[in-house]
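Trainee: Single-letter residue listing:
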Amino acid sequence: MATLTLRSVTKSFGPARVIHGIDLEIGHGEFIVFVGPSGCGKSTLLRMIAGLESVTTGAVEIDGQVVNDIPAAERGLAMVFQSYALYPHMSVRQNLSFGLENIRTPKPEIARRVAEAARMLRMEHLLERRPGQLSGGQRQRVAIGRAVVREPKIFLFDEPLSNLDAELRVQMRVEIGNLHQRLGNTMIYVTHDQVEAMTMADRIAVLKDGRLEQFGRPLDLYNHPANLFVAGFIGSPRMNFLKGTLEAADARSATVALAAGGRLALPCEAGAAKPGDAVTLGIRPEHITPIEAGQGDATLAVQVTEQLGGESYLHGTLASGETLTIRLPGQTRVRRGETIGLRLGEPAARRLFDSASGAAYPALS
Amino acid sequence: MASLPDPSAPAGARSAGDLAGWLWSKLGDALDGPFRALQRHIGANRMAYVFLVPNVLVFGLFSFWPMMLNFYIAFTGGQSAILAERPFVGLENFRELLDCGSWLDPKSCPVAGFSFWTGIWNTLFFALVQVPVMIVVALATALVLNRDIAGRGFWRAVFFYPVMLSPVVVAVIWDWVLKRRGILNALIDDAVTGWNAFVTSGWFPFVGGFVLAAFLHLIMARLFRLMKVPRSEIWGAGVGIGLALLLVFSTAFREFLTLPDYRPVNWLIDVRSGWPMFWVIFVYTWGHLGFYMLILLAGLQAIPKDLYEAAEMDGTSKARQFWRITLPLLMPTMVVVLVLSLIRAFQAFDEIYVLTGGGPGQATKLIIQHVYEMAFIGDAKRYGIASASSVLVAAVLLVLTLGQLAATRRRAGG
Amino acid sequence: MINTADLSAFLGRRRGRAGLHWTDWLAYSYLVLGVLIVLMPILWMFLSSIKSPRALVENDPRMLPYEQVQVPAPDGARQLGVFVWTKPDGTKADVAFVGPRGLNARVFELGRPDQIIEVPRAQLERKDRLSPRWENYTEPTLGSTQSRTFNFLRYFWNSTFVTIVATLLTLVVNAMAAFALSKYRFRGRDFMVIVIVSTLLIPPTVILVPLFMTVSSLGMLNSLWGVIIPAIATPTGVFLLRQYMLTIPDELLEAARMDGASEWKIFWRIMLPLSLPALSVLAILSVMWRWNDFMWPLIVLTQSEVFTLQLGLSTFKGELNDNMHYLLAMTVLTLLPVTLVFVFLQKHITTGIANTGLK
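For the record, the sequence lines run as chains A, B and C.
Under this note's numbering, the first sequence is numbered contiguously, ending at residue 381.
Under this note's numbering, the second sequence is numbered contiguously, ending at residue 498.
Under this note's numbering, the third sequence is numbered contiguously, ending at residue 1069.
Everything labelled a hint here was simulated from the structure, so no lab data went into it.
Careful, some of the hints might be misleading.
In silico BS3-like pairs for lysine-lysine, Cα to Cα no more than 30 Å straight-line [what the hints assert, rightly or not]: (1) C:K802 to B:K110; (2) C:K797 to C:K837; (3) B:K389 to B:K402; (4) A:K169 to A:K259; (5) A:K224 to A:K259; (6) A:K224 to A:K290; (7) B:K263 to C:K837; (8) A:K169 to C:K893; (9) B:K402 to B:K191; (10) A:K123 to B:K465; (11) C:K837 to C:K893; (12) C:K797 to B:K389; (13) A:K290 to A:K259; (14) A:K169 to A:K123.
Work out the full structure, taking the sequences as your base and the hints as a guide.
Mentor: Here it is, written out as structure tokens:
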């Protein structure tokens, strides 16, 4: 059983503050992903949980106990590093058993755990090799195995898949998922790849510039992003943003005049907003439907069409100069250079943000 | 990489390398207890200080403390090696070193000053000849080795080999070679005798004539061409061959070529000649050349090949490539080599002390030998004089080193 | 530099000739000459070291160790030197030299000891044979006629002890410091690094006297420890190891920390094995320094039972004696270990030194 709580955790390197007070509650057995662009502080946060970086202010609690001053080795955590950090001069077996020897685990117990981990990760045949003799995927597995044998309270992963090619990455994603299923431990996983976050996480913490932007289940983040940053970061291709001015707003709905022309209404809680406020309308590419030119909510000059066979993308510019992406199922007949009309989604699929603060007006559906 | 086997495996079952690794880990584990306890006590990050302790201790006691002490001793007199028993004499030691009629003439100095200035001038001469000579030869060797030479590793190893030898061994070897009846005199004698035998033999007109004719023909042909004589080739050949024939059959010419009988030279003992200093420089260079050659070779190999290929495409001549590409790009390495070898030359002692003992007379006595002799030779141990001399030498070396730093900085800046 | 193979083919086409360019000939001649200058003296010393004391005293200028052929005298009491006698008619015969008489020599032809004849000395020429005298090596070392002035085995042991102990200590002490200076952040670290690197500039030769007094007041004169300890903390070593350790990724150390390893264990089990390339360069340098060290031992060690090989050799050389054959043999034995190390680790040593720029 392991829960993790962060209470107003901050981190400063000299005068530079890199983490600005993060609160987070992680329950037992959860698979949590920290995601954000590089430099957002997600790795630093993970290393603070691990005990590799000190906590400037605030508290890190494991199972309700504050661990700020407990050395990394004694927190009962295990970490998989981005570079795997396998000891190059030791065989796989020694890599796995090194940590257990350090805490004076009896030899038969070490042997049992190593054998079990090797079986679980299908690397029995690799035990006597050195890391240098392994492929990237195999190294990855050894690194995970090294964490597994420790039987930690919490697994920490620091961008573990970023050094693998695309195909292996998908495969390892599934394996880590299976591992989580099997062991049921709490796992914290850091990545900059929102696809990884979406596919693996029970809950995602989106970080930016040392602040927690949103923490929630993947589809909640996708469907109800708390702000412009999360809306843009989660989902690929990213959400389309159209500038506009609020014409009317109340607690149930809002009407927006788009810079690209046209007027749209959507159901949302915009009671605090005043007409005339600058707002941004967000629409996912799959919610936009192309129709005949001159009709619908706006007009798009198509510049690029990408035909992937199973789906298609249209990229173009609106009258306002804003770019827009449309995702269509199947194949499309639209060609580059055509002008088409657009239906900008069902009202319930539209999201509205305050341009100045970036915060979303809560959607009503 | 060290082979570190599974420490849990029985040692006997493994190879020797694994056994060493096993011992290694056991040794580390044995020391782990106290260190771990210490770490628990003071925290992981402060262990850095613990790791520094042995080094700082030895360093402080045997480098920093003596450095400070040196200044103090320079102002004390007496013969005691115990600091407390040494009376403070102020600038007396320096006066004895520097109070000369002329620094250029050591004889005008007090006894200690004579030894000091002899050492200084000898060292200056030594350094100013040895360093340029060595750098030129080292560079030449590095350039040759940097060509696409067969067996480059072998040649490089041979040139480097003397660096591995101890100064004492180097001195014994060369002492043996340079004895009055050593191999060098024997070889020279053989060469002179052989040459003279050749000049007087019946073969000389044929071999000598042929070589001479070929040589004279080239010279004459060129001369005639310059004088715009028509058919200079033929004229040149004719005159050249004619002259050669005239010469080889003339007794006067043979006598001119005959060398006087060789009288073996006492290379290291002959006082009046400059040979002892010559050989000291030669032997020192012999023993250290390989090191600088290696550094220069590394510098040469760091120059990108495509620069030369580009120059080749531009039709740049080899000589121009050397002056305009190789030398400028090698400059940083050259500066390092220059300063390093200068500093070393100012500290030269071992080889020379064993080879000549500073002799004959004081002809090869360098400054460090002066320091050594003042402090450690004879009944009167003049530690104060030795320290004062060290301070003066250190000042020279400091200037050299700062010069290097300035040079490298200027390069880095520009 | 240039790929001369391609280039010379290219140049060859242009100049209408192929094969070795004349500069190649020049280069090879230079190399051969250089190799002769390097190796000939060493070869000459080695060959001299297996000559008989007599050949050395006579300054036999021949490269190879020749010795006069000898036969037992008819009475068996002594050995007689053999000469080649060129008879007036031009034929030659081997004769044994019995004794001089005026300008003539009394000899007998081998096989006919009863017929003693007198021949002019000018007609005699020494009959020599190749005869390496390995006793020059075995006598001082195995002690059959133990040279009192040159106790090789003791010097050898002293040198070996100093070299091995000093090298081990140098490695551990400097690696510890390098580890602290490369992998920890602490107050005063950068200052320490600057201090240590700047002492690279303090030449040991200018602190001879105070160092001597320090060592003397610690009671380490005439002790091998007095030679070993003062130089184990070398800025060269710290610098070299630190530069290497900076390239070892911090993640490895963090992984070990997560694995519950103590800082000491991280040093011993992770850092040291991974620094092996740099450690071996330093080890080679240290062995070279220590084995060849002369000046400092010369000052610290004044009693012959603690002499190192270098001290023993130089003292032995300084004494005027007729034991030249021992001196040369012992010199060969002194350069042998270094030479063997060099032959086997040549590539390693030269690249190591070229890369670090240190000696």
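Trainee: Hint by hint, say whether it matches the structure.
Mentor: Outcome of the hint check:
1. A distance of roughly 76 Å separates the Cα atoms of K802 (chain C) and K110 (chain B); the hinted pair therefore is violated under the 30 Å criterion.
2. Restraint check for K797 (chain C) and K837 (chain C): the C-alpha separation of about 15 Å stays at or below 30 Å, so the hint holds.
3. Distance check on the hinted pair: K389 (chain B) and K402 (chain B) sit about 14 Å apart at the alpha-carbon level, within 30 Å; holds.
4. At roughly 47 Å between alpha-carbon atoms, K169 (chain A) and K259 (chain A) are farther apart than 30 Å, so this suggested pair is violated.
5. Note on K224 (chain A) and K259 (chain A): the hinted pairing holds, with a Cα-Cα distance of about 23 Å set against a maximum of 30 Å.
6. Taken as a hint, the K224 (chain A) and K290 (chain A) pair is honoured in the structure, with Cα atoms around 28 Å apart against an allowance of 30 Å.
7. Only pairs whose Cα atoms come within 30 Å are accepted, and K263 (chain B) paired with K837 (chain C) is accepted, the gap being roughly 26 Å.
8. For the hint linking K169 (chain A) to K893 (chain C), the alpha-carbon distance of about 28 Å falls within 30 Å, and the restraint holds.
9. Under the criterion of a C-alpha separation no larger than 30 Å, the hint pairing K402 (chain B) with K191 (chain B) is inconsistent with the structure, at around 52 Å.
10. Among the hinted pairs, K123 (chain A) with K465 (chain B) is inconsistent with the structure: their alpha-carbon atoms are about 65 Å apart, more than 30 Å.
11. The straight-line distance between the Cα atoms of K837 (chain C) and K893 (chain C) is roughly 73 Å, outside the 30 Å bound, and the hint therefore fails.
12. Between K797 (chain C) and K389 (chain B) the CA atoms are separated by roughly 70 Å; this puts the pair beyond 30 Å, and the hint is violated.
13. With a C-alpha separation of about 16 Å, the suggested pairing of K290 (chain A) with K259 (chain A) holds against the 30 Å cut-off.
14. A C-alpha spacing of about 22 Å is found between K169 (chain A) and K123 (chain A), which places the hinted pair at or below 30 Å, so the restraint holds.
When each numbered hint is compared with the structure, violations occur for hints 1, 4, 9, 10, 11 and 12.
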